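Asker: Sequence order for the protein chains is A and B. Using the numbering used here, the letters of the first sequence map in sequence onto residues 141 to 448. Using the numbering used here, the letters of the second sequence map in sequence onto residues 493 to 867.
Since the hints were derived computationally from the structure, they do not count as laboratory data. Treat each hint with caution, since some may be false.
To be verified - Short, incomplete list of chain B residues facing chain A, as computed with Cβ under 10 Å:
hint, residue
1, P534
2, V689
3, E693
4, G694
5, S703
6, T755
7, A839
8, N843
9, D859
As the list claims (entries may be wrong) - Dumping the calculated SDA-like pairs for lysine to any residue here, alpha-carbon to alpha-carbon at most 20 Å:
hint, chain 1, residue 1, chain 2, residue 2
10, B, K697, A, L380
11, B, K700, A, D285
12, B, K812, B, S793
13, B, K563, B, Q537
14, B, K700, A, I406
15, B, K712, A, F148
16, B, K751, B, V586
17, B, K700, A, V271
18, B, K788, B, V647
19, B, K759, B, G737
20, B, K697, A, V271
21, B, K667, A, Q274
22, B, K786, A, I277
23, B, K697, A, F425
24, B, K712, A, A301
25, B, K712, A, D285
26, B, K680, B, K700
27, B, K679, B, P646
28, B, K700, A, Q274
29, B, K751, B, K712
30, B, K812, B, S522
31, B, K667, A, Y295
32, B, K820, B, P646
33, B, K679, B, R660
As the list claims (entries may be wrong) - Calculated from the model, a selection of chain A residues having no Cβ within reach of chain B, i.e. all distances over 10 Å:
hint, residue
34, T207
35, I256
36, R269
37, L313
38, K420
39, L440
Keep in mind the model is a prediction, meaning the values are calculated, not measured. Positions of the beta carbon are idealized from the N, C-alpha and C atoms, including for glycine.
Spelled out from the first residue to the last, the chains are:
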Amino acid sequence: MSDVFLQFTQQLINGLTLGSIYALIAIGYTMVYGIIGMINFAHGEIYMIGAYISVIVIAALGLIGITTLPLVLMITLLATILVTSAYGWTVERIAYRPLRGGNRLVPLISAIGMSIFLQNYIQLSQGARDVATQPLISGGWQFGDADGFQIYLSYMQVIIAVVTVIFMTLLTLFIHKTRMGRASRAVSEDRKMANLLGINTDQVISMTFVIGAALAAVAGLLVGMYYGVVNAYIGFLAGLKAFTAAVLGGIGSIPGAMLGGLLLGITESFTSAYLSTEYKDVVAFGLLVLVLLVRPTGLLGKPDIEKV
Amino acid sequence: MQKITKRVLVAVVGMAIATLVGCGSKETESIKIALVGPTTGPVAQYGDMQMMGAKMAIQQINAAGGVNGQKLEAVVMDDVCEPKQAVAAANKVVNQGIKYVVGHLCSGSTQPASDIYEDEGILMITPASTSPAITERGFKMIFRTIGLDSQQGPVAGRYIANEMKPARLAIIHDKQQYGQGIAGEVKKTVESMGVNVVLFEGVNKDQKDFSALITKMKSKDVDFVYYGGYHPELGLILRQSREQGFTSRFMGPEGVGNKDISTIAGKASEGLLVTLPSDFSAVPANAGLVAAFKAKGEDSSGPFVMPGYAAVQIIADSIKGSGSEDPKKLAEYMRNNSFDTPIGKVAYKANGDLKEFQFVIFNWHADATKTAVTD
Numbered sequence: 141m142s143d144v145f146l147q148f149t150q151q152l153i154n155g156l157t158l159g160s161i162y163a164l165i166a167i168g169y170t171m172v173y174g175i176i177g178m179i180n181f182a183h184g185e186i187y188m189i190g191a192y193i194s195v196i197v198i199a200a201l202g203l204i205g206i207t208t209l210p211l212v213l214m215i216t217l218l219a220t221i222l223v224t225s226a227y228g229w230t231v232e233r234i235a236y237r238p239l240r241g242g243n244r245l246v247p248l249i250s251a252i253g254m255s256i257f258l259q260n261y262i263q264l265s266q267g268a269r270d271v272a273t274q275p276l277i278s279g280g281w282q283f284g285d286a287d288g289f290q291i292y293l294s295y296m297q298v299i300i301a302v303v304t305v306i307f308m309t310l311l312t313l314f315i316h317k318t319r320m321g322r323a324s325r326a327v328s329e330d331r332k333m334a335n336l337l338g339i340n341t342d343q344v345i346s347m348t349f350v351i352g353a354a355l356a357a358v359a360g361l362l363v364g365m366y367y368g369v370v371n372a373y374i375g376f377l378a379g380l381k382a383f384t385a386a387v388l389g390g391i392g393s394i395p396g397a398m399l400g401g402l403l404l405g406i407t408e409s410f411t412s413a414y415l416s417t418e419y420k421d422v423v424a425f426g427l428l429v430l431v432l433l434v435r436p437t438g439l440l441g442k443p444d445i446e447k448v
Numbered sequence: 493m494q495k496i497t498k499r500v501l502v503a504v505v506g507m508a509i510a511t512l513v514g515c516g517s518k519e520t521e522s523i524k525i526a527l528v529g530p531t532t533g534p535v536a537q538y539g540d541m542q543m544m545g546a547k548m549a550i551q552q553i554n555a556a557g558g559v560n561g562q563k564l565e566a567v568v569m570d571d572v573c574e575p576k577q578a579v580a581a582a583n584k585v586v587n588q589g590i591k592y593v594v595g596h597l598c599s600g601s602t603q604p605a606s607d608i609y610e611d612e613g614i615l616m617i618t619p620a621s622t623s624p625a626i627t628e629r630g631f632k633m634i635f636r637t638i639g640l641d642s643q644q645g646p647v648a649g650r651y652i653a654n655e656m657k658p659a660r661l662a663i664i665h666d667k668q669q670y671g672q673g674i675a676g677e678v679k680k681t682v683e684s685m686g687v688n689v690v691l692f693e694g695v696n697k698d699q700k701d702f703s704a705l706i707t708k709m710k711s712k713d714v715d716f717v718y719y720g721g722y723h724p725e726l727g728l729i730l731r732q733s734r735e736q737g738f739t740s741r742f743m744g745p746e747g748v749g750n751k752d753i754s755t756i757a758g759k760a761s762e763g764l765l766v767t768l769p770s771d772f773s774a775v776p777a778n779a780g781l782v783a784a785f786k787a788k789g790e791d792s793s794g795p796f797v798m799p800g801y802a803a804v805q806i807i808a809d810s811i812k813g814s815g816s817e818d819p820k821k822l823a824e825y826m827r828n829n830s831f832d833t834p835i836g837k838v839a840y841k842a843n844g845d846l847k848e849f850q851f852v853i854f855n856w857h858a859d860a861t862k863t864a865v866t867d
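Just chain A, same shape as in the assembly (with noise of 0.2 Å):
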């Protein structure tokens, strides 16, 4: 093998990890949109705070004396999803249901500033710093070797992809298999037409959010452990590239949003081996542009002419 596709290889594998993350977070945006037709813009801040969630449970795990990783892994899971879940269903209770069934506009203002209201919630409970973990797992396998150069593949970059593989199963089983998913499914086809028939929507809507919220607490977990930094703000560029990566793939479209953000990690990463680091979101952007160009519903989209 040479060095050139050695090199090719780990970029692909910083790439898809990367998309990994944009993937689980642009799931909870298409979800949203494809049932109320509303840009969550606080999906990114959900995020960060299922990251601040899972710092904060390894931290306290450790003071309590339980090291043993997979407990730890375990607990900290658990407990970052339902946190964070319990989040998402409340900004949804307390900022959109209220607002529903009046102007389209509305919720997305109120999106904004319940946005910057957990920026700054979190930023007052937590401090204005930048929190650091030191690595849970570190190390990794090495293979390939050509003119000194090796594949470096780390033990986290398998987990965030072994990991976003399973919820992804889970959520595509879950939509398909049970009759909640049906339900969710017709509510996105026709709200009103499901009312009707007896779904409750509100329950359906609800629970979209709290699915939402739980797979960004993954992505914050992920996140925490893999980068080892987070910040009140880490949530804006995430949920900015998540949403770029969720109007790519068709927003309201799951595998849509799956592929998108794979693409736009991997568009990222190419562009910064190749390119310039410096130009990496330009060419990510563009790539957003010419696509929706070439197909307005993005790449796995319906057309809908219904919704804004």
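Keeping the supplied structure of chain A fixed, place chain B upon it in accordance with the hints.
Answerer: Okay, now just chain B, sitting in the frame of chain A:
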């Protein structure tokens, strides 16, 4: 009808509050100094250093009877090191009628804020902004108590070329006025000394994932990296580098030299080289001052603590020396006199830069301590 009543009420209450505030400031008769810098956000540590030094100076000057019988009063403002916020903070300074500013911290925010101060005739001394562009515009009211990137960059560049002798150097920066500026200075110096720069590239502020960049440096066999920017990004680059098995040594300017780089990068921060102002807290003449900081439980070894102290002291000395509170007369006085401060004897060039300032290279350790490698 009701709405109108409400509005009138709000207006009346508003005016009442405004009058109260107005009265309040008249009674105290103090000389206000605005301390502007980041007190929140990713680089708030540096803001703390600056504020700590400036507040100590104010406290000590007041304890010694103030300036011409008047007390100094600190008005702290936060600019989060963002150019937009910096302009807002500067406007606030103007609106509150404050005539002296110690700040801002990041060159990127000092630059737009200084335009406002110059126009409004407000005296500004930055204890931290090192970008040469700030004083290149022929302004009369803008001063520093810190050196320049055009001094710091060559110090770093010469050390790299003479001591590190890398075969393949990478220079990375954060595309900000400060980071890119100093990276450019380093590049100019090392290239003139024949060092092979294989990569000169910018990263995005707030970026978290640097794996692609690190892979690229690995594939180019980079054996030494200079980073122009602040610690949140470099900390992550260091940490991710070591995780990817990229072990080359790194060097950065004073913007990376604070405790948080070790919090973020952990063991990966061991052996990082940093150019900093010389450690003024180790100067024997400052022993009393260092003890005063210690008594308050504060650490005075940060690079911007003593410059912050010096900035306030220079303002106070100028008011005393010139016998005037007019900022324009103070600026004139500062150009024509010298001051004995904790950062040494300070004298100004016509453009507001220090006549002399020294940068020293430190070796950073994982426990956030540092040892000087040059003097």
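Asker: Each of the hints needs a verdict: does it hold here or not?
Answerer: Hint-by-hint comparison with the structure:
| no. | hint | verdict |
| --- | --- | --- |
| 1 | P534 | holds, 6 Å |
| 2 | V689 | violated, 14 Å |
| 3 | E693 | holds, 5 Å |
| 4 | G694 | holds, 4 Å |
| 5 | S703 | holds, 4 Å |
| 6 | T755 | holds, 4 Å |
| 7 | A839 | violated, 37 Å |
| 8 | N843 | violated, 31 Å |
| 9 | D859 | violated, 13 Å |
| 10 | B:K697 x A:L380 | holds, 15 Å |
| 11 | B:K700 x A:D285 | violated, 28 Å |
| 12 | B:K812 x B:S793 | violated, 29 Å |
| 13 | B:K563 x B:Q537 | violated, 27 Å |
| 14 | B:K700 x A:I406 | holds, 15 Å |
| 15 | B:K712 x A:F148 | holds, 13 Å |
| 16 | B:K751 x B:V586 | violated, 34 Å |
| 17 | B:K700 x A:V271 | holds, 14 Å |
| 18 | B:K788 x B:V647 | violated, 34 Å |
| 19 | B:K759 x B:G737 | holds, 13 Å |
| 20 | B:K697 x A:V271 | holds, 17 Å |
| 21 | B:K667 x A:Q274 | violated, 28 Å |
| 22 | B:K786 x A:I277 | violated, 38 Å |
| 23 | B:K697 x A:F425 | holds, 17 Å |
| 24 | B:K712 x A:A301 | violated, 27 Å |
| 25 | B:K712 x A:D285 | holds, 15 Å |
| 26 | B:K680 x B:K700 | violated, 28 Å |
| 27 | B:K679 x B:P646 | holds, 9 Å |
| 28 | B:K700 x A:Q274 | holds, 15 Å |
| 29 | B:K751 x B:K712 | violated, 31 Å |
| 30 | B:K812 x B:S522 | holds, 14 Å |
| 31 | B:K667 x A:Y295 | violated, 32 Å |
| 32 | B:K820 x B:P646 | violated, 34 Å |
| 33 | B:K679 x B:R660 | holds, 13 Å |
| 34 | T207 | holds, 17 Å |
| 35 | I256 | holds, 14 Å |
| 36 | R269 | violated, 6 Å |
| 37 | L313 | holds, 30 Å |
| 38 | K420 | violated, 8 Å |
| 39 | L440 | holds, 25 Å |
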